[in-house]
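Chemist: Residues per chain, in single letters:
2 protein chains.
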Amino acid sequence: MNKVYDRVALIGLGLIASSMFWAIKRAGLAGEVTGYARSQETRDTARRIGLCDRVCDSASEATEGADLVVLCVPVGAMGEVAADLAPALKPGATVSDVGSVKRAVIDAVAPHIPAGVHFIPAHPLAGTEHSGPESGFESLFDNRWCLLVPDKGADEQAIAALQKLWQGMGSNVDRMDPDHHDLVLAVTSHAPHLIAYTMVGVADDLSRVTDSEVIQYSAAGFRDFTRIAASDPTMWRDVFLANKDATLEILGRFTEELFALQRAIRRGDGAHLHDYFTRTRQIRRGIIEAGQDTDAPDFGRGQTPKD
Amino acid sequence: MNKVYDRVALIGLGLIASSMFWAIKRAGLAGEVTGYARSQETRDTARRIGLCDRVCDSASEATEGADLVVLCVPVGAMGEVAADLAPALKPGATVSDVGSVKRAVIDAVAPHIPAGVHFIPAHPLAGTEHSGPESGFESLFDNRWCLLVPDKGADEQAIAALQKLWQGMGSNVDRMDPDHHDLVLAVTSHAPHLIAYTMVGVADDLSRVTDSEVIQYSAAGFRDFTRIAASDPTMWRDVFLANKDATLEILGRFTEELFALQRAIRRGDGAHLHDYFTRTRQIRRGIIEAGQDTDAPDFGRGQTPKD
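Chains A and B, in that order, are what the protein sequence lines are. Each number in my numbering corresponds to the 1-based position in the first sequence with 83 added. Each number in my numbering corresponds to the 1-based position in the second sequence with 83 added.
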């Protein structure tokens, strides 16, 4: 038996929560998984597809008796949801979350956590451009990282249990300080998303390039951007508002670098461009070596067979 | 018999040329395919892996007797290569190319084309982040677009033959004016590549985020950027220098939009962000409907199984 918790409650039933449910079931990590979503439509869908052992009509009902309660709602909704379910928390339970920003979530959620309940923020670095209760799948977290961001005084036993759950769902687990987490993610995820959103918006605005041409001749590069820019609008709005400082700092640096490359193009400085592009190619090699992607040729249309 | 040409010469043996060879062989589109690459190492590799029916030690030798000569070298080398092989061109032959920029290639190559030889520039919208003679595969062009960019007075029979070749290699074929081509590609490919290169460079420069962290926690978004930014440095240097005006124009618009989104983040204008992200999500749907990508969830690690 791989059971880590008797009962887990998933609050919010989107891509991450639904993937967690299937991953928990795959490995038998919980006795029962309850679920709650604010919208009736989502709860109906969850019941129809068998998402969660029991779908509840309130966050409190899902929370009652749970050993682990995971907040899987957009970052901007975390505080309100925590306030709502806090009175139903069992003494000794653990509250966690899956938000892409950690400092803002901690500030919003921690004040609502009663004494005797553990709060261990977490962030699984996994996702797709799809969202909603039907988008989850059991292998989403396989070989991806989940970062735990506990406070200094946090209970080591509670941390260990949560770590075991994430490992059981297929993740590698590491710990990180909340502010450092927010900076790292601004670089690796938040700024790239905003940039992809921007480029896709520019393409859409160009009147001389008709929509159909942009779409029909969507070449390597742009296709990958549209995939990123198809991510859940509410989730990402909240991410940028909640990680404002780090995102704006990285975007400032990005703009500086982009201006330098634009100047090189304007001046015809081929050596500068070539050196820059050679350096970035190395970083890609590092990512493949770190096992976070494969070497298979792929430009936005999935695996391309080699022969 | 699907044969379109008795003899095809591929000048330059990288990703595109090697994929063309395998695609031509798959469909039996040519009697013989000759090949030439400037570097001895590439020619040795080609001979070792059976790339081309005959690998030649000069561009002239590969060109002699060919009915179609395809220039598959970086955009900046096209003029020199055309000048080199022009004296060997057979009367009635067709010269084409696969460059990502068309106006600059036409200006560089056209003056070298002798009377009685057809020049039909082309651009297959296909690629991966890999390069070199061993990176090609026969299905690279399947269901992708190849744009033909002939001059007004070009021979319709020569155009029709080249179209038949590209269709035989799996492509859809369309025609476009060179300047419009360069603008469309600046939007869909060139600007996105420069942006991806820039973001990966920024990540590399950040001293507070160690290399290993950026790589280890390379989340959705950044991983896709590193893939784009791993593309061939020489090819892309030439693309930016050759399509300077359109690329700089698009980057100017990009910067404007990015500043507007940064301002929305700074001011906490969530409605602006949400509207913008909702709009970009629609564009993604259009691309999937146009068949240029699949709906399979994928964030840079190839197809992810749904169950």
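Simulated from the structure, these hints should not be mistaken for laboratory data. These numbers were taken from a predicted model, which means no experiment stands behind them. All C-beta atoms in this analysis are idealised placements derived from N, C-alpha and C, irrespective of residue type, glycine included. Check before you lean on any hint, since a few could be wrong.
What the hints assert, rightly or not - Which residues of chain B face chain A? A few of them, derived with a C-beta cut under 8 angstroms, are:
hint, residue
1, Cys139
2, Pro170
3, Ala171
4, Leu231
5, Gln246
6, Val256
7, Gly284
8, Gln299
9, Phe305
10, Arg310
11, Ala313
12, Arg320
13, Tyr359
14, Arg362
15, Gly369
16, Ala373
Stated by the list, open to error - Computed, partial: chain A to chain B, Cβ under 7 angstroms:
hint, residue
17, Asp136
18, Cys139
19, Trp228
20, Ser272
21, Phe360
22, Asp376
Chemist: Does each hint fit the structure? Answer for all of them.
Modeler: Tested hints:
1. For the restraint placing Cys139 (chain B) at the interface with chain A, the shortest Cβ-Cβ distance is roughly 25 angstroms, beyond the 8 angstroms limit, so the hint is violated.
2. The beta carbon of Pro170 (chain B) is not positioned within 8 angstroms of any beta carbon in chain A (closest approach about 29 angstroms), and the interface hint is therefore violated.
3. Interface hint status for Ala171 (chain B): violated, as the beta-carbon distance to the closest one in chain A is roughly 29 angstroms, over 8 angstroms.
4. At about 13 angstroms, the closest approach between the beta carbon of Leu231 (chain B) and any beta carbon in chain A exceeds 8 angstroms, and the interface hint on this residue is violated.
5. About 17 angstroms separates the beta-carbon of Gln246 (chain B) from the nearest beta-carbon of chain A, more than 8 angstroms, and the hint is not met.
6. Interface restraint check: Val256 (chain B) against chain A, minimum CB-CB distance 12 angstroms, threshold 8 angstroms, status violated.
7. With 8 angstroms as the threshold, the beta carbon of Gly284 (chain B) comes within range of chain A, its nearest partner Cβ sitting at about 6 angstroms, so the hint holds.
8. Look at Gln299 (chain B): its Cβ gets to within about 6 angstroms of chain A, closer than 8 angstroms, so that hint holds up.
9. Given the 8 angstroms rule on beta carbons, the hint for Phe305 (chain B) holds: about 4 angstroms separates it from the nearest Cβ of chain A.
10. Taking 8 angstroms as the C-beta contact cut-off toward chain A, the hint placing Arg310 (chain B) at the interface holds, the least distance being around 6 angstroms.
11. The closest approach between the C-beta of Ala313 (chain B) and any C-beta of chain A is roughly 4 angstroms, which is under the 8 angstroms cut-off, so the hint is satisfied.
12. About 4 angstroms separates the beta-carbon of Arg320 (chain B) from the nearest beta-carbon of chain A, less than 8 angstroms, and the hint is met.
13. About 6 angstroms separates the beta-carbon of Tyr359 (chain B) from the nearest beta-carbon of chain A, less than 8 angstroms, and the hint is met.
14. Of the supplied interface hints, the one on Arg362 (chain B) holds, with its beta-carbon coming within about 7 angstroms of a beta-carbon of chain A, less than 8 angstroms.
15. Taking 8 angstroms as the C-beta contact cut-off toward chain A, the hint placing Gly369 (chain B) at the interface holds, the least distance being around 5 angstroms.
16. The criterion of a C-beta within 8 angstroms of any C-beta in chain A is met by Ala373 (chain B), whose closest approach is roughly 5 angstroms, and the hint holds.
17. Among the interface hints, the one on Asp136 (chain A) is violated; its C-beta lies about 19 angstroms from the nearest C-beta in chain B, farther than the 7 angstroms criterion.
18. Evaluation of the Cys139 (chain A) hint against chain B yields a violated restraint, the C-beta minimum of about 25 angstroms exceeding 7 angstroms.
19. Interface hint status for Trp228 (chain A): upheld, as the beta-carbon distance to the closest one in chain B is roughly 6 angstroms, under 7 angstroms.
20. The beta carbon of Ser272 (chain A) comes within 4 angstroms of a beta carbon in chain B, closer than 7 angstroms, and the hint placing it at the interface holds.
21. For Phe360 (chain A), the interface hint holds, since its Cβ comes within 7 angstroms of a Cβ in chain B; the closest pair sits about 4 angstroms apart.
22. Interface restraint check for Asp376 (chain A): the shortest CB-CB distance to chain B comes to about 5 angstroms, inside 7 angstroms, so the restraint holds.
Against the hints set out earlier in the document, violations occur for numbers 1, 2, 3, 4, 5, 6, 17, 18.
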